[in-house]
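So the protein sequences, as listed, match chains H and Y. Counting in my numbering, the first sequence runs from 17 upward without gaps. Counting in my numbering, the second sequence runs from 28 upward without gaps.
Treat each hint with caution, since some may be false.
As the list claims (entries may be wrong) - Each computed DSSO-like pair below joins lysine-lysine, with the alpha-carbon atoms no more than 27 Å apart:
| id | chain 1 | residue 1 | chain 2 | residue 2 |
| --- | --- | --- | --- | --- |
| 1 | Y | Lys-31 | Y | Lys-116 |
| 2 | Y | Lys-84 | H | Lys-91 |
| 3 | Y | Lys-103 | H | Lys-114 |
| 4 | Y | Lys-39 | H | Lys-88 |
| 5 | Y | Lys-37 | H | Lys-91 |
| 6 | Y | Lys-31 | Y | Lys-79 |
| 7 | Y | Lys-84 | H | Lys-88 |
| 8 | Y | Lys-79 | Y | Lys-39 |
| 9 | Y | Lys-79 | H | Lys-83 |
| 10 | H | Lys-88 | Y | Lys-79 |
| 11 | H | Lys-83 | H | Lys-154 |
| 12 | H | Lys-114 | H | Lys-88 |
| 13 | H | Lys-114 | Y | Lys-79 |
| 14 | H | Lys-32 | Y | Lys-84 |
| 15 | Y | Lys-39 | H | Lys-114 |
| 16 | H | Lys-91 | Y | Lys-103 |
| 17 | H | Lys-154 | H | Lys-24 |
| 18 | Y | Lys-116 | Y | Lys-103 |
| 19 | Y | Lys-84 | H | Lys-83 |
| 20 | Y | Lys-116 | Y | Lys-106 |
| 21 | Y | Lys-37 | Y | Lys-103 |
| 22 | H | Lys-88 | H | Lys-24 |
| 23 | H | Lys-83 | H | Lys-24 |
| 24 | H | Lys-32 | Y | Lys-37 |
| 25 | H | Lys-83 | H | Lys-114 |
| 26 | H | Lys-88 | Y | Lys-37 |
| 27 | Y | Lys-134 | Y | Lys-31 |
| 28 | H | Lys-88 | H | Lys-32 |
| 29 | Y | Lys-84 | H | Lys-114 |
| 30 | H | Lys-91 | Y | Lys-39 |
| 31 | H | Lys-32 | Y | Lys-79 |
| 32 | Y | Lys-106 | H | Lys-114 |
| 33 | Y | Lys-39 | Y | Lys-134 |
| 34 | H | Lys-154 | H | Lys-88 |
| 35 | Y | Lys-134 | H | Lys-88 |
| 36 | Y | Lys-103 | Y | Lys-134 |
| 37 | Y | Lys-37 | Y | Lys-152 |
Quick caveat, the hints were computed from the structure, so don't treat them as lab data.
Okay, here's what each chain looks like letter by letter:
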Amino acid sequence: MRWIWIDKFVEFESGKRATAIKNVTLAEDHLHDHFPGYPVMPNSLIIEGLAQTGGLLVGEYNRFEEKVVLAKIPKAVFHFPVLPGDTLRYTAVIDYIKDDGAMVTATSHVGQRLQAEMEIVFAHLADAGHAKTLFEPKNFVFTMKLLGVFDVGRNSEGGRLVEPPAWCE
Amino acid sequence: MPTKPEIFQKIKTSLVEALGVDEDEVTPQATLVGDLGAESIDFLDIVFRLEKSFNIKIPRGELFPEDILTNTEYVKDGKMTPEGVAQLKQRMSFADLSAFEANPNVKDFGNLLTVEDMCRYVESKVGATD
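Only chain Y is shown next, with the shape it has when bound in the complex:
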């Protein structure tokens, strides 16, 4: 079973390869879109690398919930409804969504996910130790 530092190191390697960023840019607090410049197609690349590196399966929408963000039931005037936010929180228990909940502009969602969130997601998948 991998330790949390081992998971962070492997995620860092995957992000360096997928996004062409320097190792020292990949900090736990860095956001994938804003700080590391990830675009939507990069998430496919990142998912390939994480699945291979950790021998896990990442179903579509689990790490980046496009289906909820584009569901007209949950989005009104560019903002996520309370029901939509509840869905997101349920799906993404690994991410801190409190800032988004306070001001749920859908266009800001992409810049929420941090390297730390991704680590927590993988930790939950592999049952990491400290």
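Pulled out of the complex, with its shape left as it was, chain H reads as follows:
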């Protein structure tokens, strides 16, 4: 089972920005406990979804040669609770990227309403032993295919983002 908290990408501009959708439904078990009788999408999982949207964007920039990990959330503001039936639109924009990590500005909207806004810092892990097998590029490519990145993705020149065969070897 994969820990995926977005349903699909609807926009993916390599090195710049990405937008993903998350549908919230009562079929999700966690909503039954959070809270009994008053189901609310946990804000922590909204952070996770935004971090996944931004993390794939940052990883793809370096063709997943860097091991991207969520390092810090310097700022997170939530404006209203998200309920079953809502569709969240997650947008991540690369604010800054360099050798040792990246800063992403991310927002979550329900319709036109701004639901959450945050800054996310990603660090590039030093390539130490075990990390290598945990972060194989082919795993990310599998996830990106699953989430439709190659259906909507654009490369840095504006052309179609294609799946490089070498990543999957």
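Assemble chain Y onto chain H, guided by the hints.
Same frame as chain H, now just chain Y:
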């Protein structure tokens, strides 16, 4: 070319955003780790903000010399050797390392860097005026 007060103001803004501290806590004498509560991952965040704010490049290890502090050639029994201290002084000419030199416990190093040191570092990068 920015003035020194302008540099201090921008650094203050970066530290308030990165560390969630109040503006009045960011004094020139405040230490980043001890007074402002910075942790190692915060330095990555601070470096992003300074690079963007001042349009400068901060190479890894220049502001916080992890490579020297973890180099077994320069660290013996938790203390920095005179050669190691010399390396640090060369790398960090913007910081006052005299107190550290007198008692060079590596674990105390993290609490050395002050806001003023950071200002001097940025001033040296951008060629500040008074």
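*Lys-84/Y and Lys-83/H: Cα distance at most 27 Å?*
holds (22 Å)
*Sort out whether Lys-106/Y lies within 27 Å of Lys-116/Y, counting only the CA atoms.*
Holds, because 15 Å separates the two Cα atoms, which is no more than 27 Å.
*asked:* Tell me if the straight-line CA distance from Lys-32/H to Lys-79/Y falls inside 27 Å.
replied: holds (16 Å)
*asked:* With the threshold set at 27 Å, check whether the alpha-carbon distance from Lys-84/Y to Lys-88/H stays at or below it.
replied: holds (21 Å)
*Take the C-alpha atoms of Lys-103/Y and Lys-134/Y, compute the straight-line distance between them, and say whether it is at most 27 Å.*
Holds. Lys-103/Y to Lys-134/Y sits at ~12 Å (cutoff 27 Å).
_Tell me if the straight-line CA distance from Lys-31/Y to Lys-79/Y falls inside 27 Å._
holds (18 Å)
*Is Lys-88/H close enough to Lys-32/H, meaning Cα to Cα at most 27 Å?*
holds (20 Å)
*Straight-line Cα separation of Lys-37/Y and Lys-103/Y no greater than 27 Å?*
Judged against 27 Å, a Cα distance of about 38 Å means the pair is violated.
*Is the hinted pair Lys-116/Y and Lys-103/Y satisfied, with a Cα-Cα distance of at most 27 Å?*
Within the cut-off at roughly 18 Å; holds.
*Are the Cα atoms of Lys-154/H and Lys-88/H separated by 27 Å or less?*
holds (26 Å)
_Would the hint linking Lys-37/Y and Lys-152/Y be met if the CA-CA limit is 27 Å?_
Roughly 14 Å between the alpha carbons, so the hint for Lys-37/Y and Lys-152/Y holds.
*Given the proposed pairing of Lys-114/H with Lys-79/Y, does the C-alpha separation stay at or below 27 Å?*
Holds, at roughly 11 Å.
Of the numbered hints given earlier, the model fails hints 3, 16, 21, 27, 32; all others are met.
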